[in-house]
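Engineer: The primary structure of each chain is shown beneath.
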Amino acid sequence: DAGVTQSPTHLIKTRGQQVTLRCSPKSGHDTVSWYQQALGQGPQFIFQYYEEEERQRGNFPDRFSGHQFPNYSSELNVNALLLGDSALYLCASSLAGGHGETQYFGPGTRLLVL
Amino acid sequence: QQPVQSPQAVILREGEDAVINCSSSKALYSVHWYRQKHGEAPVFLMILLKGGEQKGHEKISASFNEKKQQSSLYLTASQLSYSGTYFCGTRGTSYGKLTFGQGTILTVHP
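Line by line, the protein sequences give chains A and B.
Just so it is clear: in the first sequence, position 60 is 60 by our numbering, and no numbers are missing.
Plus 1000 on top of the position in the second sequence (first one is 1) and you've got our numbering.
Honestly, the hints are just simulated from the structure, not real lab data.
Each residue gets a CB set at the ideal place from its N, CA and C atoms; glycine is no exception.
One should not assume that every hint holds.
As the list claims (entries may be wrong) - Simulated coverage check for chain B against chain A, where a stretch passes if three residues somewhere in it have a Cβ under 8 Å from a Cβ of chain A: (1) 1037-1049; (2) 1092-1106.
Said to hold, decoys possible - Under the rule of at most 30 Å between Cα atoms (straight-line distance), these lysine-lysine pairs were calculated in the DSBU-like manner: (3) B/1037 x B/1050; (4) A/26 x B/1050; (5) B/1059 x A/26; (6) B/1037 x B/1026; (7) B/1067 x B/1050; (8) B/1059 x B/1037; (9) B/1050 x B/1026; (10) A/26 x A/13; (11) A/26 x B/1037; (12) B/1026 x B/1067; (13) A/13 x B/1037; (14) B/1026 x B/1068.
Chain B on its own, in the form it takes in the complex (with noise of 0.2 Å):
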């Protein structure tokens, strides 16, 4: 089943910070995000295994609530740059499909 990604569009101003959730509900072994721009392939962003942990990949960080199959994306300081769709992918085992949100619409304006 397709997680579900909330907000569906977000719209800032540089600087602003954001967040984006993905919830599912099936039980899962990791949770990938993914930022694509138009006309673009999906960029890796990172990866939240099972465990409750929390990463950070510069001003982006996320994590993961093994216990309500959640996470979240946590956007600081936002820069024109990070405009663009955001997809989480999620997976139930340790390999195979991952199952994409519906997909976050981010535009950052100056």
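So that you can see chain A by itself, here it is in the shape it has in the complex (with noise of 0.2 Å):
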């Protein structure tokens, strides 16, 4: 039983440049939800999707966005970069209406921005 799965493990970008990271969910999973985890601190969420759409969204600005796909994988982008962004980019996957709704996190993008 696969995992969720994610792409690159790590990124090097500078600051303006785009960037975009993916996520496969847990098989039987149909939810997928992103955060960013700076050093030290607690995962901040920044959206959820379901059923291709944006289901819920953190206080994060529109250079975040996001996408999912019919098979329900599903894409983070962040556009003009920062060096603020640079931070361990978790996806965790969820079923819509199974118990609690319990995530299970992917090993994670780490982005280093220069």
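Put the two chains together into one complex; each comes in its own frame, and the hints tell you how they fit.
Structural biologist: If you want it as structure tokens, here you go:
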């Protein structure tokens, strides 16, 4: 049973560039959430996708956008990168209506903005 | 609003017990506990839904006091593998975002 996968594992970009991160949910899951985790902090919710629509959004600027595909995989796009965007980006998958909609995290993508 | 975890850090010897607390100022529907080791993703431990249930997982258990909006994670007879940062994630509805606390760093020494 494949867990949540993310790509790439690491990424280095410069300020002003754009980046796309990818996530494949755990088998049987249909909902994908994205989180940003700065060093020494808890994960911060960016947004959640369900049925290819943004279901809920956290307090992140419009530079952060996403997409969910018919196979439930998802992308996170960040435009006009800032130094402060350097963080671990975590994808979590869950089953809508499942027990407590438990979220299972992928290994993350570590983004460094120079 | 972010839940508050206490203590911020705890150091144990193998075999000792620990309690980690998570407190919210908002009404909660569920509390989710995760453990994260350095450089890795958070690993799901357990979920508690409103109703004051207590759950157990090997030597790790948790409780949820709905009236006080507090949850506690109990680690008994700690093992070296328990070391890591423990996060509680809270949710006010049955779906959607988890709001995480700042984490509790647990270190278990031989």
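Engineer: If a hint holds in the structure, say so; if it doesn't, say that too.
Structural biologist: Hint-by-hint comparison with the structure:
Taking a C-beta to C-beta cut-off of 8 Å, the segment 1037-1049 of chain B contributes 7 residues in contact with chain A, enough for the three needed, and the coverage statement holds. Coverage of the segment 1092-1106 of chain B by chain A holds in this model, with 10 residues showing a Cβ closer than 8 Å to a Cβ of that chain against a need of three. Using a Cα cut-off of 30 Å, the hinted pair residue 1037 of chain B and residue 1050 of chain B holds, with the two alpha carbons roughly 28 Å apart. Taken as a hint, the residue 26 of chain A and residue 1050 of chain B pair is honoured in the structure, with Cα atoms around 26 Å apart against an allowance of 30 Å.
Of the supplied pair hints, the one linking residue 1059 of chain B and residue 26 of chain A holds, its CA atoms being roughly 27 Å apart against a limit of 30 Å. For a cut-off of 30 Å, the pair hint linking residue 1037 of chain B to residue 1026 of chain B stands: about 28 Å separates their Cα positions. Distance hint between residue 1067 of chain B and residue 1050 of chain B is fulfilled; the C-alpha atoms sit about 9 Å from each other, no more than 30 Å. Taking the CA atoms of residue 1059 of chain B and residue 1037 of chain B, the gap is about 18 Å. The hint holds against a cut of 30 Å.
With a C-alpha separation of about 13 Å, the suggested pairing of residue 1050 of chain B with residue 1026 of chain B holds against the 30 Å cut-off. Restraint check for residue 26 of chain A and residue 13 of chain A: the C-alpha separation of about 28 Å stays at or below 30 Å, so the hint holds. Under the criterion of a C-alpha separation no larger than 30 Å, the hint pairing residue 26 of chain A with residue 1037 of chain B is consistent with the structure, at around 21 Å. Straight-line distance between C-alpha atoms of residue 1026 of chain B and residue 1067 of chain B comes to about 11 Å, which keeps the hinted pair within the 30 Å bound.
About 26 Å separates the Cα atoms of residue 13 of chain A and residue 1037 of chain B, which keeps this hinted pair within 30 Å; it holds. A hinted pair counts as satisfied when its Cα atoms are at most 30 Å apart, and residue 1026 of chain B with residue 1068 of chain B qualifies at roughly 10 Å.
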